[in-house]
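Participant: Sequence:
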Amino acid sequence: MRPRRLAEVALAVEGSLEGEDVEVRSVTTDSRDVAAGALFVALSGEHTDGHRFVDQAFASGAVAAMIDGPRDVASDADIRERPVVRVGSTAEALMRLAADERTSMTATVVGVTGANGKTSTKDLAHAVAQTRFRVHASPGSFNNEIGLPLTLLGAPPDTEVLVAEMGARRLGDVKLLSGIARPDIVVVTNVGVAHMEVFGSWASIVEACAEPIDALGPDGLAILNADDPVVIAYRDRCPGRVMTFGARLDADVRADDVALDPDGLASFRLVSGDAEARVTLAVPGEHMVSNALAAAAVGLELGIPLEEVGPAVAQAGVSRWRMETFTTAAGVRVLNDAYNANPESTAAALRTARWMAGQGRLIAVLGEMAELGAISVEEHDRVGDLAARIRVDRLLTVGEIARVIARAAIREGMESDDVASYDDPAEALDDVRRSAASGDLVLCKGSRVTGLETLAEALR
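Quick note: the sequence shown uses the working numbering, first residue 1, plus one each step.
What the hints contain is simulated information worked out from the structure, not anything from laboratory work. There's no promise every hint is true.
[Stated by the list, open to error] Once the Cα atoms are required to be at most 16 angstroms apart in a straight line, the calculated EDC-like pairs of lysine to aspartate or glutamate come out as: (1) Lys175 with Glu145; (2) Lys175 with Asp214; (3) Lys175 with Glu92.
Please take these sequences and the hints and turn them into a complete structure.
Facilitator: Printed below as a string of structure tokens:
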């Protein structure tokens, strides 16, 4: 964020300034994470209200606060004299401020959206772009109406490339985020049934994933997955240029000769035009190849030659709890992919885990896949069927709806003694500690509501 006077901030968000017109150099919504010159934005959330922590933010070094309407939030008389911007809604004001900041940015903005692989693609694109440019990217999965504005506002003034993740829980979300970020390049990874419960229909999901493409200008670029028939059909609605990636021979950026090593790491020939590079990824899973191709396409569009793109993709890591591997002191290997889950990503994780386990035992700890609505039972049933078919040796499920996975696996041939269902991760952890032995592989996969990352971390 460029340094700004608080009066300028108030004008941008249609708020009123009270107190000194101080200089603001950063923005935060977390009173525990206050940098020098910070503006603390007090958000009212489902579980807490940031207005309760305004005094704490000032005590931590914030120079100003943004608060809702006429609320009296200060418990200390001294704090009542501090600079404050009052607005109708701090959540809306945060988005306005980010949109205003975007107008002064000279950076190339890359927006990444899709059902699966958004964060990993963002991480890989960041790694590629920073070989030549000063890059800022969304931390973790900052991909909603709070996270994306914070990403924009967190970019240093000299940022040359900004990589922003854009998520959606309902139709119109990505349109809103695209209006704030105004991406120059849009990457669509794939389309899937994640969040079907809140979207309501497949048609709404398909439309939502196209929203950032509609926001592109005539000079913009859409980078589309040629292997996804829904995504490649977006080509017809792109106002600007299109670049494709995938395994298809006609893709602009493609992967040939894909193979997995015993650790599940994919190697392939990265090809674009007459140029090619041999790549071995540092993150397990054949599905990571698609994410790497999307990131490579971003790098090529930025003018980075393929001989530099290839090594950058190969060396890149991704955010925590996404295909993260480690070995315990007891010799048990753990594949922690517990950040979130939907049918497609769960299937990919299971197949990768089976490959990595080889002839050894595979213990799969699977949590529920949230927000699937009317298709929830069917999709959990499919996962149980897959677990049986790929020969999971021990299956543990966590959460009520995840019991469907267990029942389906038994129906498809797993011994009932090799299947157990639990209500919380702590119970499943006890089971893993009893049953896992040196050389076994434990997969942890589930939606965030299940909290399986706690189980995986407890095994370290």
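Participant: Please go over all the hints and tell whether each is borne out by the structure.
Facilitator: To see whether the hints hold, each was checked on the structure:
1. Lys175 with Glu145: Within the cut-off at roughly 11 angstroms; holds.
2. Lys175 with Asp214: holds (8 angstroms)
3. Lys175 with Glu92: Holds, at roughly 15 angstroms.
Consistency note: the structure conflicts with none of the earlier hints.
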